[in-house]
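Number of protein chains: 2
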Amino acid sequence: MPQYIAPLRDMQFVLHELLQVDQELKQLPPHAEVDADIINQVLEEGSKFTQDILFPLNHSGDREGCRLDVATHEVKTPEGFRSAYRQYVEAGWPALSCDPEYGGQGLPVVLNNAFYEMLNSANQAWTMYPGLSHGAYEALHAHGTPELKAMYLPKLASGVWTGTMCLTEAHCGTDLGLLRTKAEPQADGSYSLTGGKIFISAGEHDMVENIVHLVLARLPDAPAGTRGISLFLVPKFIPDANGKPGERNRIYCGAIEEKMGIHGNATCQMNLDGATGWLIGEPNKGLNAMFVMMNAARLGVGMQSLGLTEVAFQNALVYAKDRLQMRSLSGVKAPDKAADPIIVHPDVRRMLLTAKAYAEGGRAFSYYTAMLIDRELNHPDEAVRREAADQVALLTPIIKAFLTDNGWIATSEALQVYGGHGYISEWGMEQYVRDARINMIYEGTNTIQSLDLLGRKVLMDNGAKLKVFGKQVQAFVEEHGLDERMAEFVGPLADLGEKVTKLTMEIGMKAFQNQDEVGAAAVPYLRVVGHLVFAYFFARMAKIALDKQDSGDSFYKSKLGTARFYFAKLLPETAMLIRQARAGSSSLMALDADLI
Amino acid sequence: MPQYIAPLRDMQFVLHELLQVDQELKQLPPHAEVDADIINQVLEEGSKFTQDILFPLNHSGDREGCRLDVATHEVKTPEGFRSAYRQYVEAGWPALSCDPEYGGQGLPVVLNNAFYEMLNSANQAWTMYPGLSHGAYEALHAHGTPELKAMYLPKLASGVWTGTMCLTEAHCGTDLGLLRTKAEPQADGSYSLTGGKIFISAGEHDMVENIVHLVLARLPDAPAGTRGISLFLVPKFIPDANGKPGERNRIYCGAIEEKMGIHGNATCQMNLDGATGWLIGEPNKGLNAMFVMMNAARLGVGMQSLGLTEVAFQNALVYAKDRLQMRSLSGVKAPDKAADPIIVHPDVRRMLLTAKAYAEGGRAFSYYTAMLIDRELNHPDEAVRREAADQVALLTPIIKAFLTDNGWIATSEALQVYGGHGYISEWGMEQYVRDARINMIYEGTNTIQSLDLLGRKVLMDNGAKLKVFGKQVQAFVEEHGLDERMAEFVGPLADLGEKVTKLTMEIGMKAFQNQDEVGAAAVPYLRVVGHLVFAYFFARMAKIALDKQDSGDSFYKSKLGTARFYFAKLLPETAMLIRQARAGSSSLMALDADLI
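Residue numbers (this note's numbering), protein chains in the order written: chain A, 1 to 596; chain B, 1001 to 1596.
Looking from chain A toward chain B, a few residues come up when the C-beta cut is under 8 Å (computed):
| hint | residue |
| --- | --- |
| 1 | Glu258 |
| 2 | Ser330 |
| 3 | Ala339 |
| 4 | Ile424 |
| 5 | Glu430 |
| 6 | Asn514 |
| 7 | Ala568 |
| 8 | Ala575 |
Derived DSBU-like pairs (lysine-lysine); straight-line CA-CA distance at most 35 Å:
| hint | chain 1 | residue 1 | chain 2 | residue 2 |
| --- | --- | --- | --- | --- |
| 9 | A | Lys502 | B | Lys1502 |
| 10 | A | Lys321 | B | Lys1285 |
| 11 | B | Lys1510 | A | Lys548 |
| 12 | B | Lys1548 | A | Lys510 |
| 13 | B | Lys1499 | A | Lys499 |
Since the hints were made in silico from the structure, they are not lab data.
Note that the Cβ used here is the ideal one computed from N, Cα and C, for glycine as well.
Using the sequences and the hints, build the whole thing.
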């Protein structure tokens, strides 16, 4: 009953009209030939795969879940997942943005991200299998020895093997400094790993012949805390000389978790019992290597919630046009029917437009950031690369936390449009809400993202990275400040920009006295900055839409309407957030723990 | 692993210190003898039943769910549910606030509601079986013929039979005017009912020997719409002359729904195939009779989310004190441990205190309203009864929508405190979130509640009922306006009171021009008024706590801290809500439906 149609028109609007991504790519030597036609063709093909192959498995995958055979330690994924993955590999999708040196197609990150939006709309649980694999590919690509890279990267790029990230242990999630898994050096240069990992997504499954685990562990002489953690590659089967899966390694799935959502993905407890591994990067520098993976993963989690927001919106919209219930308060709208379609009711529209605005704002924001990653990786000018890297560092925690909080809000509003039917599994809406909930937690909780943003990315360099973004906003405000048609957007944008500057300084001052002020302000602060980014992109999109609203293409009228809704109804959240951030830490910290 | 300890101290604080409920009850002849000792004794007993019998079945009930035998149309509830219900009946709990004429104990509604908070904390899905039954009892008590009352009320009061509300059909939820179930008069004065109902909670189960369905249907000559709906009593088994379940009636459970949560409660499709029923109330006046049930149910749904908020808070608090992860930003707090307990982190405290404040505010508000119901039912002075009834009418939709939205927020924050473990079923937190989601939908969606509040309860009498509440606020502000210790509470309360007055007038003016302005403002408006009520009660509680903070009982310090948190961090939501309400309907209604 649910449906998904890839929003190609809006994706192309963002890529070509808003970001003019082909102009950007012309500056980047490896992508200079990637034009709009190539991009559109890939998206078109991607839409078919996601709509026709993946989406039909989303609901059934949720109902069926994964099953562990405790005797063999093998996990069976839901019916159809394996076959869909085979088609995915055969079509070459895993290699899309991988390095041609290892069999990749070398296409830009921004295109891969647009594709991932569609994958996640169609089936988040399934998409985590190749998604985590891509993260492992990136960490290995950045830090592996030439031998490891030669052996493993082609397998990960082609997708015939998949990868995982093994970080968390029962007693340590956020605080990786506490981890205990041990790695003992062996005579042959390999390591013997022993310990237990939990919450390993895609840790075991039946879709590929081998699984490449990237595992954090401690060397025998490692210092305590986060400076004593190293990263290891631990394959499920140790490849033989021909690169075929050989001896079964001593890393086993001991259990899979029952959880709220993403039932189609196996969340594994992994036991390492003298498993053979190889060091990636330098000893005790494992977190550095892992952060390559982590940053990509944080953007990836943002794309998950963008995907869910889009598909939940689409379904709620169809329902709202179809469902007849009550009459419009301002007069009958469908006199030939027993009642009006519920889309006539203002509050139903509020719920729909909330999801729509969060999808469209998130798309602009995340595609823009992915484009910056391409710039960071491939621009010939080092200064440009460095500035791009700084902006990516600034924006990544915002994408992760803001888009996933928005996804939670949007999927819940979309469920609400269905009334009681939204709560019933067969309609598919409640799954989106359950799936969306994990995105606020994994790859660093949203609180951790907000501390990363405020503490590390903003205050640590006295707001330098934020100022660069602020200048972009300022330039836009100055360019369009006198355009009367733009006043409704430029005014609030300029105002919020000033408020963010002031708020940042204020928190910075308070933090000198008491670091808890950072922790107290961080979560509302991140959402304020998220709204600044959204307001900036909605203003830019509104400008394009205003210029083209009489083109006869109703897309621009729709875009303009969404932008106006965003400014009228969602941006006012900043009035609350700024007050919350300014209220500081005292009401939080005054009570002894025993009095809470 | 989860735990529940009934918050007797805070319940008693609200009942005795805040509301001084025994003084109130002295004014009400049937309850004049109900003193604090009786109340405390009942609560104490209730806490044992809910903690020891019901709570242990909550998680297992969720995992197991209900099963329908399609051959017999019988539903099997989760293991232990039946036995718990037997103990519940044996202890006399169903009769707590029922009419002594029909075997009830005649205790006040406010006490029954406090008991229901505990029931819902312990097990919402289970509590819906007796909860709906109590609603059916009330509708029948108010509108049934003497014969029907004599036959059925003692059975419902004792709990040996349970009741249901059969309203919804596949094509009509909110819009009952569309319903199609037919009732044909029979020669013996009974009716023959034919049709299909959906979403019937507790519609079929194995806990009692008979189920009494209250069914909305149309008489043959009934006018179209809501003025042509009548209410019927349709028992599963038709009682024989001795009041024993006799002939099986033709009302059958055809299917039960797979749904997001409340798995322990059977959500039934009920088919009536010439089922025998008896008219309750007058022909075509079924909605009036049903509204008796509905208003009680709306308060009941608020109590569900209050219960979930409390239990989710309690568990998150235990976890936050126990879980060691990272060091406090303001310096190590537990140097003897590998890391600090996460309760040292300001944002963890924000999440905990959000749930705590929503629980304590909701408790004060809902117990107060329940006390007003006692006043409405039993005060000797008719004018007092009428004013109480008006206040109950005003406050009921706010309790339903505000407390259930808050419950969704609070359970989700409590889950987040657990990080990844919050998403795993065995920890129990994700169930609270799933269970809480339905409360925003059933018994009238929260949008419907907000329209009821703004359109019907506020604007329709030019704000008269709201002004009565406002005068109470005003009196408190004037009484404590010069008390410096109270300034931090009285100032914002007075300010919000003025803003609500202004906002109400503004919307009223706009509504003259365009009724869609009501629909556009209603949802944020309801939350603004909800905060006004909370701010009023937190200010009153803060006053008591200030006076007793040096009593040596740390409860008052805790209460004061929670009130300060509420004013600092939650009340600022009104800054957003007022802007959203004032932004009006234009950004919602401008686009054609096809352009959304």
